[in-house]
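Using the hints, put the two chains back together into the complex; each one sits in its own frame.
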Amino acid sequence: MVYNFLMISDDAPPDLTDDATELPGVSTWRGVYLAVGVIFVVWVVLLAALPWLFS
Amino acid sequence: MNALDYLVLLGSLLGIAAYGVWMTRGRRDLKSYLKGSANTSWFTIGVSVMATQASAVTFLSTPGQGYESGLGFVQNYFGAPFALLVISIFFLPIYRKLDVYTAYEFLGRRFDAKTRSLGAGLFLLQRGFGAGITIYAPAIVLSTVMGWRIDFTIIGTGLVAIVYTVSGGSDAVNLTQRYQLGVIFAGMFAAGCILVYRLPAEVSFRDAMTVATHFHRLDAVDFSLDPHRRYTFWSGLLGGGFLALSYFGADQSQVGRYLSGDSLRGSRLGLMFNAVFKIPMQFFILLLGVLLFVFYQFETPPVFFNQTAWRQQAGAGSGDRLRALEADFTAAHSDESRGLTAWLHARRTGDAPAAEAARSAALAAHARADQARTETAGVIRAADPRLGSDSDYIFIHFILRYLPHGIIGLLVAAFFAAAISAKAGELTALGATTTVDLYRHLVRPGLPDAHFVAASRSFTVLWGLVAIGFALFAQLAENLIQAVNILGSIFYGVVLGVFLTAFFLRRVGGTAVFWAALAAQGGVFILYHALSISYLWYNVIGCALCMALSVLLQAMLPRK
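Going line by line, the protein sequences match chains A and B.
Using this note's numbering, read the first sequence as starting at 1 and increasing by one per residue.
Using this note's numbering, read the second sequence as starting at 56 and increasing by one per residue.
It should be emphasised that the hints constitute simulated quantities derived from the structure, not laboratory data.
Do not take every clue at face value.
[As the list claims (entries may be wrong)] Okay, the calculated bits of chain A under chain B, using three or more residues with CB under 8 Å as the criterion:
hint : region
1    : 20–33
2    : 38–48
[Claimed, not checked] Some residues of chain B that are not near chain A, with every Cβ distance over 10 Å (derived):
hint : residue
3    : 124
4    : 293
5    : 411
6    : 439
7    : 505
Just so it is clear, CB atoms sit at the ideal spot from N, CA and C, and this is done for glycine as well.
Only chain B is shown next, with the shape it has when bound in the complex (with noise of 0.2 Å):
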């Protein structure tokens, strides 16, 4: 990165967080600081809603597992517009009629006060240990390639998030992440622009998307019933709807988003907005690494992408194994790159036998190269099990290498306007949460606003200050990490079952869906353990648990 660089990406980042902090200066009662302003546009607020799910790690990621396994994670996303559906039909206009400032607090309206503690508590606990991932997952790896001191982009990142959310509320994070994902998308187009532009001018893109096809790279949808398979149509549509539903309709960091505003036609279209351009934002990131694959054919990769870890290696004990790996990686690229050349000039002239034998070349020498790709990768990991997956390296590294000064910039300003805009949803969350579900309902009840605007001042500070810590402390623990995760994924479900049986089984009570909750979140920890299914398969099981135990419980409980 040059001077240049660090102008775009410093103006870009720091100009916006100011400009939100000036437009919604003087917020003091408690709904426009928790909620916002009531003339906020459904465009504000479908805007806010995908930036608040899309983090730093889907721009900086998604790309790499394009390149590595192509289309096929977008089918995770099919599910997302039925359950948005839902949302807009069934859960909108009774968030709306009541008035709530969480979903929480719905909870303690239909049920009762342990059942919305049980809510909350649920949701910061999940929340509040993963807050640290969005800003430590895109740090580790920029600071990584970018040689920057990982803690200082951590705090920095951290800060920034934190002194706008805190100043502007809800209002100020709507303003941001409209222009942060302006900024996003401008750094994702420029860079697709560019890569097709950089593509050998005897390969169009039809030929480009001609080699993806043959090595597999754009098989999207797979309506096998295998449980084992991880991205399925099925797996997507009902796992993924699931946890769509349960993310969108009872996690507070996106409640709080698309309650922004007064209006339900607003809420509802916001909703609207994301449930038609999910998908295909998914997929155009995901294009974006197929072409990076089909670019890498024909232009030499290194054998390992993150190179920093690579030359740590190679400077160490292994460095003759891999530097002999390396040798056979480039020898073999080099033989299917002749081989694709070959196969595309084949076959426009229509010489089917030999555009067939240079295929089964170029895939037999795509074979010997990923085989040397992996065995590296096997090198490294074991002299450093902490490393993280190298497809995470492989978008930044064509970044670095083949933009020029000013787009790599904006790039490296999208994904920390990707990191912030998330987090700062997340940490408005925790703050209203802890507020309004915790602090004002069982700590200090009938207070001025006031009291409570500054309460939550503070309580979004203390969240931004923890997930700093855990970004921190996540590096010398990578398996906590993985834990949060999988934390997250299995916690998703029994959330849903109470909002569900909150919303449907109208002759369920508190008492039965708390027990019922509980005993089905101890269920999905034992299944989690015994089973080896996809994870978004959790969310279906915990959902369906949680509902049929609270009617079962209902049904034994004694009549009042």
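The following block holds chain A by itself, in its conformation from the complex (with noise of 0.2 Å):
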């Protein structure tokens, strides 16, 4: 048996560009996401290097 699912149809998941993001540079969500995944890994590497670069 099959439930409502969250009230979406089999061939409509949720939609990322439901909304502009208004932001300048960045006009899709995936975009946006895709920075945040960016800075994530810059964050990374910054913090990982912290030791060798004040060594």
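What follows is the structure, encoded as structure tokens:
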């Protein structure tokens, strides 16, 4: 039995582009999420490099 | 603290609360009272989410953690950006689409009434019992060092939070949290600047960071796969990620914050604001602690930062032992300080053998000083086992001893602002969940909005009084606080399991997930007593257990 799952039909997953971000330079949500991922990687690299930077 | 400090403290705290009450007066309908006004900006939502999570303990104790063990704690937050992405992509559109007041209302729509009540009940149990901690933890530290009566400190903090939360609802919480966070960051920034300024003239910022490196205080990332290590990259990413997913996605104190306002865009950007700034915020607070550590390598610290406790015990039976340990500590610290100065000088002149000799001498002296500190803490704790961690007193000791008047008032205001803003976020959520998921849903459905606004105000007052009562009672039962903290950390995984089942396992129904959640919670309790792994992992275990049992039970249930 399939329940009334989230009131969304099988062929309509959650929409990532339902709203404009209205941010300068990043107009899509995919772009925002990518930017968050890139910032995270930069932070981890910087944090991991701290002892080396100040050895 | 002098008159100027008290003026800054009372002016900033009462001024912000009064402003919140004034600006949001006359809110009468349930939607604007519980969810805030439609024009709440994404920045306000983002700040509100941040302020609700960052309690006074974050700003009071985290620098002490940086002092004692360096930057490693920041890894705890590595999973948060990804959890916030998942919530923004999958959870938020559904919450918005269904226009729910609480996260548990969603469980009722997706599953059934009993699963909704289970989710709401687990939240109320966990947050309701733990409600006093956000007030008690800072009150015990601040009242000890200031010489204030702890019961007055607890009642004063609690009443300020209750008054504006009850009068202005969600909007007042959003509005005041913005200014409270402003006070907090202004205070922390001022403390950081003065700390760097007060380093010895011959010690540059780079020298300070070099000293910190050689004492392993800048070891921020540990890629070890050992599950017994509390903070590693993997436990932070996975365990911390699940904890963040549960806290931000299924805990009404956060869901209520980002459902403020009226647009999906505002809620999403508010969450992304936290995804970007959560790690840097924790990093800078920990870095403040690391700089404090370096500062106290050149400036003699007390052997025990909770000086009130030290003086009490020094005047009692173990006084001679404590004074002897203090003398050992001072001598070792003096050797260490000289060794570090010689080491930095030798590094600058390029004299490698002298630098290595001085560094070894400094590290050996540091080990002796550490030994004296550890023994002192042992003697004091043996006499009074209720004493908390001495690291909680490191930052406040620095503030009171080395910062100018006015800034002291600002920093103390920052700690209270953090306690009040976190408390206000919790109280709104407890009041909303009790009203919407229990009272309106189960007891008195179908009454007009005005009735539920009044009910919500009453429940908020009630939970506020429970929090104050718990905080007052907590003085007598320190073990209770530990029990509540443990309960919190082992509940979250199962609650998240229920929500992830709702979102991603479409064939599972209410009966299966309800019993699976109860069985999984029992399993987590048993594993907690049987295993000795980092508590972060119980978020993963509880969630996985709940989802797996849900699928299994659903397969076993007769098809309708």
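Apply the coverage criterion to the region 20–33 of chain A and chain B: a residue qualifies when its Cβ sits closer than 8 Å to a Cβ of the chain, and three qualifying residues are needed. Contact hint for the region 20–33 of chain A vs chain B: holds, 7 residues under 8 Å.
Would you assess whether residue 411 of chain B, listed as outside the interface, keeps its beta-carbon beyond 10 Å of every beta-carbon in chain A? holds (14 Å)
Least C-beta distance from residue 439 of chain B to chain A larger than 10 Å: Given that every Cβ of chain A is farther than 10 Å from that of residue 439 of chain B, nearest at about 38 Å, it holds.
Outside-interface status for residue 293 of chain B - nearest CB in chain A farther than 10 Å: At about 14 Å from chain A, residue 293 of chain B clears the 10 Å cut-off, so the statement holds.
Would you assess whether residue 124 of chain B, listed as outside the interface, keeps its beta-carbon beyond 10 Å of every beta-carbon in chain A? Consistent with the label, residue 124 of chain B stays out of reach of chain A, its closest Cβ about 14 Å off (over 10 Å).
Compute the least Cβ-Cβ separation between residue 505 of chain B and chain A, then decide whether it is above 10 Å. Given a closest Cβ separation of 30 Å, the condition holds.
Given as covered by chain B, does the region 38–48 of chain A meet the bar of three residues or more with CB within less than 8 Å? That given contact holds, which follows from 6 residues of the region 38–48 of chain A lying within Cβ reach (below 8 Å) of chain B.
The earlier numbered hints are all upheld by this structure, with none contradicted.
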